[in-house]
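Chemist: Now for the letters of each chain:
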Amino acid sequence: MKVLSSLFSKAFRVLSMIILLVVLVISGCNGPQSSAGKSDENLSPKGIVRYAHGFNILDQGNGTYRLLIFNPETPKEVFFSCTLVPKSNDFKSNNDELTLQVPIDSVAVFSATQLSSMAILNQLDRVVGVSEARYITNPIMKQRIEEGKAVELGNNGAFFVERTLALHPQVIFYSPYQLNEAHPLAASHQIMIPFLDFLETNPLGRAEWIKFTALFFGQLPKADSLFNTMVQSYDSLKKLAASVDYRPTVMSDKYFADQWYVPGGQSYMAMMIADAGGDYIWRDDPHNASIPLNLETVLSKASHADFWRIVGSYEGDPSYEKLGSENEFYSHFDAFKNRKVLFCDSRKTGYFEQGPLQPQVQLADLIHAFHPELLPDYKPVYYKLIP
Amino acid sequence: MSTTGNRTLWMAVVGLFILVLFAANLWYGSVWLAWRDVWGILTGNPLVDRVSQVIVLQYRLPQSVTALAVGMALSVAGLLLQTTFGNPLAGPSVLGISSGASFGVALVLLFGGATGVYLVSNDWLYRDFLMVVAALAGALTVLSVIVFVSSRIGHAVTVLIIGIMIGYLVSAAVGTMQFYSSSQDLQAYVLWGLGSFSKTSLSQALGLLLGILLTSASAFWFIRPLNALLLGESYARSTGFNTRVVQRSLILISGILIALGTAFTGPIAFIGLAVPHLARTFFNTSNHRVLLPAVLLIGAALSLLCNLIARLPGWDSSLPINAVTSVIGAPIVIWVIIKGRSYGK
Numbered sequence: 067m068k069v070l071s072s073l074f075s076k077a078f079r080v081l082s083m084i085i086l087l088v089v090l091v092i093s094g095c096n097g098p099q100s101s102a103g104k105s106d107e108n109l110s111p112k113g114i115v116r117y118a119h120g121f122n123i124l125d126q127g128n129g130t131y132r133l134l135i136f137n138p139e140t141p142k143e144v145f146f147s148c149t150l151v152p153k154s155n156d157f158k159s160n161n162d163e164l165t166l167q168v169p170i171d172s173v174a175v176f177s178a179t180q181l182s183s184m185a186i187l188n189q190l191d192r193v194v195g196v197s198e199a200r201y202i203t204n205p206i207m208k209q210r211i212e213e214g215k216a217v218e219l220g221n222n223g224a225f226f227v228e229r230t231l232a233l234h235p236q237v238i239f240y241s242p243y244q245l246n247e248a249h250p251l252a253a254s255h256q257i258m259i260p261f262l263d264f265l266e267t268n269p270l271g272r273a274e275w276i277k278f279t280a281l282f283f284g285q286l287p288k289a290d291s292l293f294n295t296m297v298q299s300y301d302s303l304k305k306l307a308a309s310v311d312y313r314p315t316v317m318s319d320k321y322f323a324d325q326w327y328v329p330g331g332q333s334y335m336a337m338m339i340a341d342a343g344g345d346y347i348w349r350d351d352p353h354n355a356s357i358p359l360n361l362e363t364v365l366s367k368a369s370h371a372d373f374w375r376i377v378g379s380y381e382g383d384p385s386y387e388k389l390g391s392e393n394e395f396y397s398h399f400d401a402f403k404n405r406k407v408l409f410c411d412s413r414k415t416g417y418f419e420q421g422p423l424q425p426q427v428q429l430a431d432l433i434h435a436f437h438p439e440l441l442p443d444y445k446p447v448y449y450k451l452i453p
Numbered sequence: 075m076s077t078t079g080n081r082t083l084w085m086a087v088v089g090l091f092i093l094v095l096f097a098a099n100l101w102y103g104s105v106w107l108a109w110r111d112v113w114g115i116l117t118g119n120p121l122v123d124r125v126s127q128v129i130v131l132q133y134r135l136p137q138s139v140t141a142l143a144v145g146m147a148l149s150v151a152g153l154l155l156q157t158t159f160g161n162p163l164a165g166p167s168v169l170g171i172s173s174g175a176s177f178g179v180a181l182v183l184l185f186g187g188a189t190g191v192y193l194v195s196n197d198w199l200y201r202d203f204l205m206v207v208a209a210l211a212g213a214l215t216v217l218s219v220i221v222f223v224s225s226r227i228g229h230a231v232t233v234l235i236i237g238i239m240i241g242y243l244v245s246a247a248v249g250t251m252q253f254y255s256s257s258q259d260l261q262a263y264v265l266w267g268l269g270s271f272s273k274t275s276l277s278q279a280l281g282l283l284l285g286i287l288l289t290s291a292s293a294f295w296f297i298r299p300l301n302a303l304l305l306g307e308s309y310a311r312s313t314g315f316n317t318r319v320v321q322r323s324l325i326l327i328s329g330i331l332i333a334l335g336t337a338f339t340g341p342i343a344f345i346g347l348a349v350p351h352l353a354r355t356f357f358n359t360s361n362h363r364v365l366l367p368a369v370l371l372i373g374a375a376l377s378l379l380c381n382l383i384a385r386l387p388g389w390d391s392s393l394p395i396n397a398v399t400s401v402i403g404a405p406i407v408i409w410v411i412i413k414g415r416s417y418g419k
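Here the protein sequences line up with chains B and Y, keeping their order.
Just so you know, we're using the working numbering here: the first sequence kicks off at 67 and counts up by one.
Just so you know, we're using the working numbering here: the second sequence kicks off at 75 and counts up by one.
The reader is advised that the hints may include incorrect statements.
Here are a few chain Y residues that sit away from chain B, every Cβ distance over 10 Å (derived from the structure) [what the hints assert, rightly or not]:
1. Ala108
2. Trp109
3. Asp111
4. Pro120
5. Leu210
6. Trp295
7. Leu304
8. Ser360
9. Pro367
Under the rule of at most 20 Å between Cα atoms (straight-line distance), these lysine to aspartate or glutamate pairs were calculated in the EDC-like manner [as the list claims (entries may be wrong)]:
10. Lys320/B / Asp259/Y
11. Lys403/B / Asp123/Y
12. Lys367/B / Asp111/Y
13. Lys367/B / Asp123/Y
Derived by calculation from the structure, the hints in this document are not laboratory data.
Since we're looking at a predicted model, the values are computed, not measured.
Virtual Cβ for every residue (Gly too), placed ideally from N, Cα, C.
Sequences and hints are given; from them, build the entire structure.
Modeler: Okay, here's the thing in structure tokens:
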């Protein structure tokens with residue numbers, strides 16, 4: 067019995083340890099998320115960025131601009147800054163801040179969205195380095211890689227350091243998961259500039275990063291006018307959808323390896339669904355990143371949702387048979403039964419490449435699905451109901 | 075606790091625990107259900123709402139059966155390996171058998187697209203089936219290497235070390251494959267590696283349970299040689315057992331148990347290592363006539379308990395099962411090492 071009682075007391079201690087650990091994990095999960103900064107007050111009034119929180123551009127006159135990138139963890143803190151000067155301009159820097167002469171001749175671009183903005187701005191001929199070359203879809207870029215004019219400098223988060231040092235592009239744009247992590251190239255003289263569009267939770271804010279890219283190639287006016295057109299059409303669509311009486315409920319994403327990741331209530335997708343006149347099931351959630359949920363949680367909360375939004379990819383066309391065969395639980399959702407699954411084929415539409423630069427098109431797609439009467443003759447681009 | 079009657083009583087108590095934990099696994103989860111509804115669902119009352127029925131019958135029930143079965147399989151495998159190799163720290167992952175299964179799964183998940191095995195069908199069930207077959211093939215391949223080596227060398231500790239080395243080799247191969255695979259495939263593999271009891275349908279789970287019970291039952295055939303092995307290979311030989319045949323049979327049985335468990339759920343940490351020690355301490359014996367049923371029962375109970383904790387009743391999300399089994403298993407193993415006397419008494 068002595069052994070038994072000591073076993074029970076040990077077991078009790080182990081159990082209380084677990085409970086403590088679980089509580090710690092949970093409180094960590096629900097802790098305050100870094101809300102993207104609203105730190106306009108510490109900037110000069112000439113800051114020309116309107117929606118994005120991760121960077122700002124200060125007009126210094128004479129075609130000279132100062133670029134500030136903010137630390138997403140502590141939004142008021144400038145993480146990186148530099149001054150961009152036209153090549154023609156005889157600019158003398160009065161501090162030791164990095165000064166770059168634009169247009170930059172050779173860059174490495176690791177973000178697919180940024181590559182798309184380079185394509186829009188007709189600057190792909192300056193790209194000499196990429197990452198994950200096999201996923202690149204732009205034909206011009208593919209040809210440059212084939213011809214050896216651009217080479218792969220990274221894959222799966224790993225850097226090909228020696229190849230990069232040998233190539234030595236003037237600037238490398240990279241998208242770190244951890245901003246504070248020392249970069250393998252930090253010790254060399256390679257200029258590394260973080261590109262953080264994916265942290266923006268406002269659809270227009272994410273698209274506004276085209277200005278960031280444009281700045282390095284003297285294309286700011288073009289980017290500015292493109293962006294203004296985008297904002298106008300987004301706003302007018304949003305106004306159109308604001309008039310609706312009925313907002314259909316919307317659930318999102320699929321069950322994947324034991325977790326159902328759904329966009330947080332303050333995320334990009336949540337905002338877009340709301341702007342399109344939809345009622346996102348998790349709109350009250352406080353997170354701006356995706357949250358992992360239990361299958362039974364999603365079943366009980368979303369089984370009666372009107373629409374189900376999925377971004378994915380199938381061989382051939384998507385169908386309810388293919389979707390249903392992935393998981394027997396899917397057929398229990400009303401949106402599945404009523405054939406209201408809104409599917410975006412990420413590969414065929416280039417959702418991850420061009421999607422972020424076309425928030426107005428994504429919005430129109432959603433409005434067309436939720437409220438077809440508002441856009442009767444519209445042909446959706448990204449999101450289509452599975453027939 | 076030394077008398078047989080007492081032991082039977084305690085077995086019954088653990089058995090009762092299993093029933094309670096199984097019921098709790100059906101009752102508690104992220105979604106709150108009244109026990110009356112759960113009971114109604116189990117007894118086929120059609121009035122309970124459909125979503126609750128799906129949650130209990132298609133989600134919680136198969137998950138609980140899988141947890142029960144895998145807990146049994148890994149615990150029995152752990153006991154057999156510890157006795158066969160005369161090493162208290164032997165367990166499913168130590169011999170490289172789990173790594174072998176992981177290698178098979180990695181081949182499917184990381185290279186499935188590239189090697190064209192998905193060309194036949196992109197169906198989810200088909201992929202799951204492939205994963206199970208691959209895990210079994212991987213585990214049994216490593217196992218046959220170990221059996222072959224053990225037939226040449228014979229010495230248990232050498233075989234154990236070779237098993238660990240095979241584990242490293244396989245991990246290196248998997249690591250290299252991970253480096254060259256797409257991030258989506260990588261995510262699938264990493265998530266599989268975290269372990270999960272909820273990938274099985276009810277019929278799969280019941281089939282798994284049956285297979286594991288049958289394989290475990292074959293271990294009862296070896297109770298006398300197992301007890302003899304405790305006193306050393308030469309003693310076992312002197313009592314008339316062909317130790318080589320016995321050891322190889324035991325390795326084969328534990329290998330099949332581990333492969334069955336791992337293929338369906340991913341590698342589950344620590345249960346196979348910790349439960350035999352719990353059983354020895356709890357029942358204060360090293361007689362396998364007691365230990366074999368004891369590890370079956372305690373393994374099932376511990377696994378159900380871990381699953382219940384991992385599900386975080388009341389919260390919207392759940393923890394990976396391995397996080398929980400490790401937190402429970404690691405202290406037990408440390409405690410065993412510090413006490414240093416529960417093995418081989």
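Chemist: Honestly, which of those hints from before does the structure not fit?
Modeler: none
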